[in-house]
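*Asks:* Chains as they are written, first to last, in this note's numbering: chain A, 1 to 94; chain B, 95 to 188.
Hint data in this document are derived by calculation from the structure and do not stem from the laboratory. Hints are supplied without guarantee of correctness; some may be wrong.
[Said to hold, decoys possible] Taking lysine-lysine pairs in the DSBU-like style, the calculated list, with each CA pair at most 30 Å apart, reads:
1. K128(B) - K36(A)
2. K13(A) - K184(B)
3. K36(A) - K136(B)
4. K51(A) - K172(B)
5. K130(B) - K61(A)
6. K130(B) - K78(A)
7. K155(B) - K10(A)
8. K155(B) - K90(A)
9. K51(A) - K74(A)
10. K184(B) - K42(A)
11. K155(B) - K51(A)
12. K128(B) - K34(A)
13. K51(A) - K145(B)
14. K104(B) - K34(A)
15. K145(B) - K42(A)
16. K107(B) - K14(A)
17. K78(A) - K136(B)
18. K14(A) - K184(B)
19. K130(B) - K34(A)
20. K107(B) - K36(A)
21. K136(B) - K14(A)
22. K36(A) - K130(B)
23. K10(A) - K104(B)
24. K128(B) - K172(B)
25. K36(A) - K104(B)
In this text the structure is predicted, and so the values were computed from the model without any measurement.
Number of protein chains: 2
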Amino acid sequence: MSDLEILRDKIEKKTLEILELLNERGEIAQEIGKQKETQGVKRFDPVQERKIMDMVAAHNKGPFETSTLQHIFKQILKASLELQEDDNRKALLV
Amino acid sequence: MSDLEILRDKIEKKTLEILELLNERGEIAQEIGKQKETQGVKRFDPVQERKIMDMVAAHNKGPFETSTLQHIFKQILKASLELQEDDNRKALLV
């Protein structure tokens with residue numbers, strides 16, 4: 001394998017690891033959604049979102065810029081909220 | 095800790111793991127960028143991007159929809175390309 005092929009192999013493996021962690025994070029978000037439903041708490045929580053954004057800033061060692069990573073995490077949070085809303089809709093249909 | 099606090103703790107830990115893997119992926123992308131620079135190969139590679147999108151579809155076990163994950167990975171690929179371009183700009187300035 002050429003150097004480029006070796007690196008591509010590495011980046012593909014890393015992609016799959018990220019994919020798995022994203023889905024694991026999605027599962028926890030679903031559990032949080034169910035808890036909030038039970039407790040009658042609103043799903044969207046700006047304080048919690050701010051906390052995640054601050055965590056990303058505090059722990060970022062690069063090479064990505066913090067703003068870039070925060071943008072990606074905002075997408076992840078948005079997708080998680082949609083996941084919780086879907087679950088709730090399905091629960092209401094039962 | 096309440097159930098919700100335990101879950102939040104879990105999701106924050108998962109967030110940090112994802113953050114770390116994203117940056118590790120960014121580092122590999124930088125190495126790929128340097129290799130391509132040496133070989134005079136174009137940085138943007140639609141075939142490789144398609145391959146990543148197909149991989150995401152093939153390995154997705156949910157709960158996120160494949161289209162949602164592909165959208166997130168497109169952001170990651172875009173950010174990686176910008177990282178490679180920045181490196182190249184800096185290299186030219188030396």
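*Asks:* Does each hint hold? Answer for all of them.
*Replies:* Each hint, compared with the structure:
no., hint, in the structure
1, K128(B) - K36(A), "violated, 47 Å"
2, K13(A) - K184(B), "holds, 28 Å"
3, K36(A) - K136(B), "violated, 48 Å"
4, K51(A) - K172(B), "holds, 25 Å"
5, K130(B) - K61(A), "holds, 25 Å"
6, K130(B) - K78(A), "violated, 34 Å"
7, K155(B) - K10(A), "holds, 21 Å"
8, K155(B) - K90(A), "holds, 19 Å"
9, K51(A) - K74(A), "holds, 12 Å"
10, K184(B) - K42(A), "violated, 46 Å"
11, K155(B) - K51(A), "holds, 28 Å"
12, K128(B) - K34(A), "violated, 46 Å"
13, K51(A) - K145(B), "violated, 34 Å"
14, K104(B) - K34(A), "holds, 15 Å"
15, K145(B) - K42(A), "violated, 39 Å"
16, K107(B) - K14(A), "holds, 18 Å"
17, K78(A) - K136(B), "violated, 33 Å"
18, K14(A) - K184(B), "holds, 26 Å"
19, K130(B) - K34(A), "violated, 47 Å"
20, K107(B) - K36(A), "holds, 20 Å"
21, K136(B) - K14(A), "holds, 22 Å"
22, K36(A) - K130(B), "violated, 49 Å"
23, K10(A) - K104(B), "holds, 27 Å"
24, K128(B) - K172(B), "holds, 17 Å"
25, K36(A) - K104(B), "holds, 16 Å"
Of the numbered hints given earlier, the model fails hints 1, 3, 6, 10, 12, 13, 15, 17, 19, 22; all others are met.
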